[in-house]
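Chemist: This is what each chain is made of:
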Amino acid sequence: MTGPVFTRRRLLGGAAAISALTLAPWRSRSAPSRAPVLSGAEFQLEIGAEPLNITGRPVTGTGINGQIPAPILRWREGDTVALAVTNRLSEPSSIHWHGVRTPSPMDGVPGLSFHGIAPGETFVYRFPVRQSGTYWYHSHSAFQEQTGVYGPIVIVPRGGYAEAFDRDYVVMLSDWTDDNPGRIVSNLKFQSDYYNYAQRTLGGFVADAQRRGLAETVADRLEWGKMRMSPTDILDVSGAPYTYLINGQPPGRNWTALFRLGERVRLRFINGSSMSIFDVRIEGLPMIVVQADGNDVVPVTVDEFRISVAETYDVIVQPMAERAYTIFAQAEDRTGYARGSLASQAGMAAAIPPMDPRPMRTMADMGMAGMEHGEMPRMELSPEGKRLEAKVGVDNVAMMPTERLDRAGEGFPSSRRVLSYADLRAIRPGSDPRPASRDITLHLTGNMQRFMWGFDGKKFSEAEPILLQRGERVRFVLINDSMMEHPIHLHGLWSELESGHGEYRPYKHTINVKPGEQLSYLVTADEPGRWAYHCHLLYHMEMGMFREVRVA
Amino acid sequence: MSASRTSPLAAVLAAFATAAAAQISDARDGPMPGVPSDAAPPVMDRGIFAHAILNELEGRFNGGNPEFRWEGQGWVGTDYDKLWIKSEGTLQSNGALDDGQQQFLYARAMTTYFDVQGGLRSDIDSRPTRNWAAFGIQGVAPYFFDIEVTGYASGEGHLAAKLEGSYDLLITQRLILQPQIEINLYSKADPARLIGAGFSDIDTGLRLRYEFDRKFAPYIGVVYEGKLGQTASLARQAGESTGDVRFVLGVRVWF
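Residue numbers (our numbering), protein chains in the order written: chain X, 1 to 552; chain L, 1001 to 1255.
To be clear, the hints were calculated from the coordinates, so they are not data collected in a lab.
Predicted model only: the values in this text are computed from it and were never measured.
Any given hint could be a false lead.
[To be verified] Derived DSSO-like pairs: lysine-lysine, alpha-carbon spacing no greater than 27 Å straight-line: (1) X:Lys189 x X:Lys391; (2) X:Lys391 x X:Lys226; (3) L:Lys1162 x X:Lys226; (4) L:Lys1188 x L:Lys1162; (5) X:Lys189 x L:Lys1215; (6) X:Lys226 x X:Lys386.
Use the sequences and the hints to build the structure in full.
Modeler: In structure tokens:
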């Protein structure tokens, strides 16, 4: 059974009517690759309880129009879209259009941009679409994002695509758990390594001692122990409770995208996870990265890329054999993977590769780059560093944070070409040539043991808003003092990453800051309002790693 | 979504469109848009959590008189402020309850890793009841040692202190060896409770648990209960044991 084929011409043409199209062209019983697509300018979305079964256990999640993930919304640049969102849940809800530049009352953050959507009520979002690319939407209320209220947005460019392609698929990655998210965060408050089943053990000690020598192994253990840190802390929530999904399908169901030989296939990767960072590759197929966070970049060919929570990457691949290719997205901590296929025929599957070795945190991740053990720094922290270090919410202050934009992060074999932020170069210069009038420096801080997260050692409830003048051009400097990655998302305004390409800065909405890293980006405060600014790891955000950026 | 479902919507959309457009134009020209600052916050970062753990819930055996012992604590509160309950006691085979200490504390997070705690301790068991004011610290020391140090003062002018420590050594991801120690000391003797001045007793053990689940871990182990100095003399006079090595079988659970 075949559905309508999406050709490039069709994509460029678009259809301004609400219809149930399939972005994925074939329907197949064995490989359920059909994703509902809503296109046009007017949409009716209902958030409601949704029974589903991912792990073999029937449970109830939260979905939109009966779908988890929510339907793909297909807009056209230049249209004004109206979205009537009805909340059928028994608790308040909301929808935020992630990466989409809207007037602030349309941004969908309860408590900042609007009052949320009460049970039984409908809120009509209406805004002009002034951009194109791959984005997503999700609830900004409680833990509804974890339980299923997330879906893709595809905005078709008015002037056509920069890169030609024949097929177009959304590949939305996410993490699913049957557990109650409130229970997960409560468990982490009591035991922060609750979900880490890859900690250092006696067996590992013996193996390391044989490999590296006893003295060095003891020194290494003592060094981490003295800091009360574990180098095995990679992701706070692991594959123990999570099943990783591609377009809502667990690995065993093998979500499949079909191609014909020689076609150029555009894959729109979206990380809609709550807490999971993925390393994505397609075995045997190089990927040309053409877009990051909805904005075109100079194409760069890679074997693999790391996608942090809430980021998007569009890649183009061109399979040159009649076969199946495995789309393999391993969680950064290697406790599981999402898996799907690119195949020339429905029902085909290729081998699933073994997961790579689990990465370990390094001294560079602790903000002590270049320091081997035995040479613990005698350096003094700055007065500001000491003030930070004294806070309950801070367990580490990076002594020597490093800019490592040219590094993809830990855990990749050297044989693969892996995308780094330094590879991202916009295809056109930024629209605001002004230099920044001032720097806003923020430390990303946490207390792993107490599972507290914040900026500058303060939770949202303890901090004042960051104030920007309307029209102001500023530089945000982020220093990650903690030993976890933080994908930092600024609502409403673009974050222009200073990735070393002069005025060809990539425009991003979510910037992943590695442990011990310092980086910067420019922001033009051209949209007034109360904007959310936060780590997009859901449990970090809810625990306070959140600020208001007020543009007035 | 079918087209038929959208047609009743059209009217609604049209009605809202005007209002929304007005809102947008306000945003452009007028004051900064947004809800009032006193609205419900966007994130709930001051949440109250509650947990309780029984570190020891065990039978202690030495061939003769088995004992049943519990040692646990629970708290409810925010990141910074918690109400804390600690309870321990040993039930002897003759039905007597020994070493029954109950503490009710307020805890404040003072540093990254340590809480300061203050409150009441009641010794409630088969011997005369004693009440103390309690003040101490609890947290994680470097190298991941769990530490509790508490000082006590009674209305009769007695002072006391308790030191507790434990460490989790991971043999595998789920098989964990935990050395643990508790030492009590008192400024003055309390013969009615068979307590002498100075270091009074030590309770130390080595427990090997298997975490079927983080919250459910049966264990086996060996413990030593020893009475020291004047306390040991008082125990001898009362015909009680002054030192005992016991095999333990128990379960560590938390909620």
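Chemist: Look at each hint and say if it fits the structure.
Modeler: Going through the hints against the structure:
| no. | hint | result |
| --- | --- | --- |
| 1 | X:Lys189 x X:Lys391 | holds (18 Å) |
| 2 | X:Lys391 x X:Lys226 | holds (18 Å) |
| 3 | L:Lys1162 x X:Lys226 | holds (25 Å) |
| 4 | L:Lys1188 x L:Lys1162 | holds (14 Å) |
| 5 | X:Lys189 x L:Lys1215 | holds (14 Å) |
| 6 | X:Lys226 x X:Lys386 | holds (18 Å) |
Figure legend: structure checked against the earlier numbered hints; every hint is met.
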